[in-house]
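> Sequence:
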Amino acid sequence: MDFLIVPEQEMLVDGVRKIGQSFGLEYWKEKDAKKEFVHELWNELGKNGYLGIGIAEEYSGSGLGLLEMAMIIEELAKTGAGSSVGQLFMLTPVFGGITIERHGSFQQKSEYLPKIAEGKINFCFALTEPNVGSNSLEITTHAKKNGNQYIVNGSKTWISGIDVADKMLIAARTTRLEDVKKKTDGISLFITDAKHPDAITSQMIEKVGTRCIRSDTVFIENLRVNNENLIGEEGKGWAYLLDSLNAERIVTTAGLIGTGYLALQLAVDYANNRNIFHDTPIGAYQGIQFPLARIKAELDLAQLMNYKAAWLFDHNMPSGKEANMAKLIAAEAAFQATDRAMQTLGGYGYAKDYHIERLWRDVRLFKIAPVSEEMILNFIAQHDLGLPKSY
1 MDFLIVPEQE MLVDGVRKIG QSFGLEYWKE KDAKKEFVHE LWNELGKNGY LGIGIAEEYS
61 GSGLGLLEMA MIIEELAKTG AGSSVGQLFM LTPVFGGITI ERHGSFQQKS EYLPKIAEGK
121 INFCFALTEP NVGSNSLEIT THAKKNGNQY IVNGSKTWIS GIDVADKMLI AARTTRLEDV
181 KKKTDGISLF ITDAKHPDAI TSQMIEKVGT RCIRSDTVFI ENLRVNNENL IGEEGKGWAY
241 LLDSLNAERI VTTAGLIGTG YLALQLAVDY ANNRNIFHDT PIGAYQGIQF PLARIKAELD
301 LAQLMNYKAA WLFDHNMPSG KEANMAKLIA AEAAFQATDR AMQTLGGYGY AKDYHIERLW
361 RDVRLFKIAP VSEEMILNFI AQHDLGLPKS Y
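Going letter by letter, the sequence shown gives residues 1 to 391 in the UniProt record's numbering.
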């Protein structure tokens with residue numbers, strides 16, 4: 001990390017660096033090969049309080065914020081986790097912790113937040129649908145009120161971590177799209193058990209990267225959810241979602257920045273020690289130096305914007321523009337970092353033993369998800385430049 005703001009943050013980063021280094025690149029390589037969840041690392045982070053970074057002290061958390069969460073994600077990514085670690089924090093600390101902390105009832109906070117902080121419970125989040133994609137306002141999964149319960153029916157896709165989740169946060173329409181005046185109305189959020197064999201089934205999606213975090217298509221049929229598991233007010237879920245989605249962008253970006261720095265370090269280490277045609281290491285060639293130097297500048301800039309977004313979020317100020325811009329730049333910089341690292345290592349960069357190929361496979365996802373670069377550019381054009389809506 002290039003700068004730290006206060007000693008408390010420095011202690012956090014030093015501590016998580018030691019944990020990350022105790023696992024290292026070989027651990028992540030093995031988990032990727034076996035397509036296994038990183039239970040050992042996750043349990044260690046829980047035991048040492050890192051999963052409760054954004055949770056209030058009264059609920060067993062540290063009472064810190066998203067800025068500190070971004071810092072520890074960066075550091076874990078740099079020690080070998082790569083961009084997958086941002087996705088890990090997105091699921092439970094963000095979609096579980098931040099959503100409930102900011103918008104849940106006292107009962108929900110008391111029940112779930114201490115377990116999240118201590119690493120005793122995992123969440124997944126069901127928003128995206130097969131026929132909707134990025135157009136989340138068009139979701140058709142429906143929750144019908146039935147006495148003291150809601151009955152939920154629909155399907156979701158690209159749901160990460162359902163296989164290891166205890167709870168699921170579901171976005172569903174409680175008022176159908178054709179019956180609302182504004183598309184942002186009528187969406188509600190619910191907490192439910194992730195394991196409901198009679199009502200929830202899932203089918204794994206085979207994918208190129210982020211293989212230690214499984215993704216599934218999920219089918220929901222007559223799932224019964226008690227009224228007390230509704231987050232906030234019925235039909236107001238879109239406003240709650242915006243909070244969580246901005247946080248999602250920030251933790252994703254932190255993982256990308258850390259991955260970019262890791263890829264650069266691997267490339268620099270190799271370039272400083274590899275001699276081919278002369279006694280001079282290849283790192284002395286400007287054809288090697290210049291692309292890596294440019295990526296370093298872009299990663300540093302993305303880091304600054306991401307810290308700004310996190311600071312704004314922690315102070316309950318609008319952070320959507322900053323979170324989106326940071327993610328846009330970080331996704332491209334991290335991809336270029338892994339790609340140029342692979343080019344620097346030559347054939348070795350294509351070999352699994354040198355780790356670059358895993359980082360390269362993983363970061364490619366984040367030019368698409370959790371929001372594509374095209375949708376971010378749409379957002380900037382419309383909201384920051386005042387251009388007409390293009391979609």
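Calculated from the structure, these hints are not laboratory results.
Computed from a prediction, not measured in an experiment: that's the story for all the values here.
It cannot be assumed that every hint is accurate.
[Stated by the list, open to error] Straight-line distance between alpha carbons at most 20 Å, and here's what the computed DMTMM-like set of lysine to aspartate or glutamate pairs gives: (1) 195 - 138; (2) 115 - 166; (3) 389 - 138; (4) 120 - 193; (5) 181 - 233; (6) 308 - 30; (7) 145 - 166; (8) 109 - 234; (9) 321 - 243.
[As the list claims (entries may be wrong)] Here are the in silico distance ranges between beta carbons for each label pair: (10) 297 - 106: 23 to 33 Å; (11) 180 - 18: 17 to 27 Å; (12) 105 - 206: 53 to 63 Å; (13) 242 - 35: 27 to 37 Å; (14) 130 - 279: 57 to 67 Å; (15) 105 - 134: 49 to 59 Å.
Backbone N, C-alpha and C fix where the C-beta goes; we use that ideal spot for every residue, glycine too.
> Compare the structure with each hint and give your call.
Now for the hints, and whether the structure bears them out:
1. 195 - 138: Between residue 195 and residue 138 the Cα gap is close to 26 Å, so the pair fails against 20 Å, i.e. violated.
2. 115 - 166: Cα-Cα ~11 Å, so holds.
3. 389 - 138: holds, 17 Å
4. 120 - 193: Holds, at about 14 Å.
5. 181 - 233: holds, 18 Å
6. 308 - 30: violated, 35 Å
7. 145 - 166: violated, 24 Å
8. 109 - 234: Cα-Cα ~18 Å, so holds.
9. 321 - 243: holds, 13 Å
10. 297 - 106: 23 to 33 Å: For residue 106 against residue 297, whose Cβ atoms are near 47 Å apart, the range 23 to 33 Å is violated.
11. 180 - 18: 17 to 27 Å: Cβ of residue 180 to Cβ of residue 18: about 51 Å, so the range 17 to 27 Å is violated.
12. 105 - 206: 53 to 63 Å: violated, 39 Å
13. 242 - 35: 27 to 37 Å: Since residue 242 and residue 35 have Cβ atoms about 33 Å apart, the given range 27 to 37 Å holds.
14. 130 - 279: 57 to 67 Å: Since residue 130 and residue 279 have Cβ atoms about 58 Å apart, the given range 57 to 67 Å holds.
15. 105 - 134: 49 to 59 Å: Violated, at about 30 Å.
Taken one by one, the earlier hints fail for this structure at numbers 1, 6, 7, 10, 11, 12, 15, listed in ascending order.
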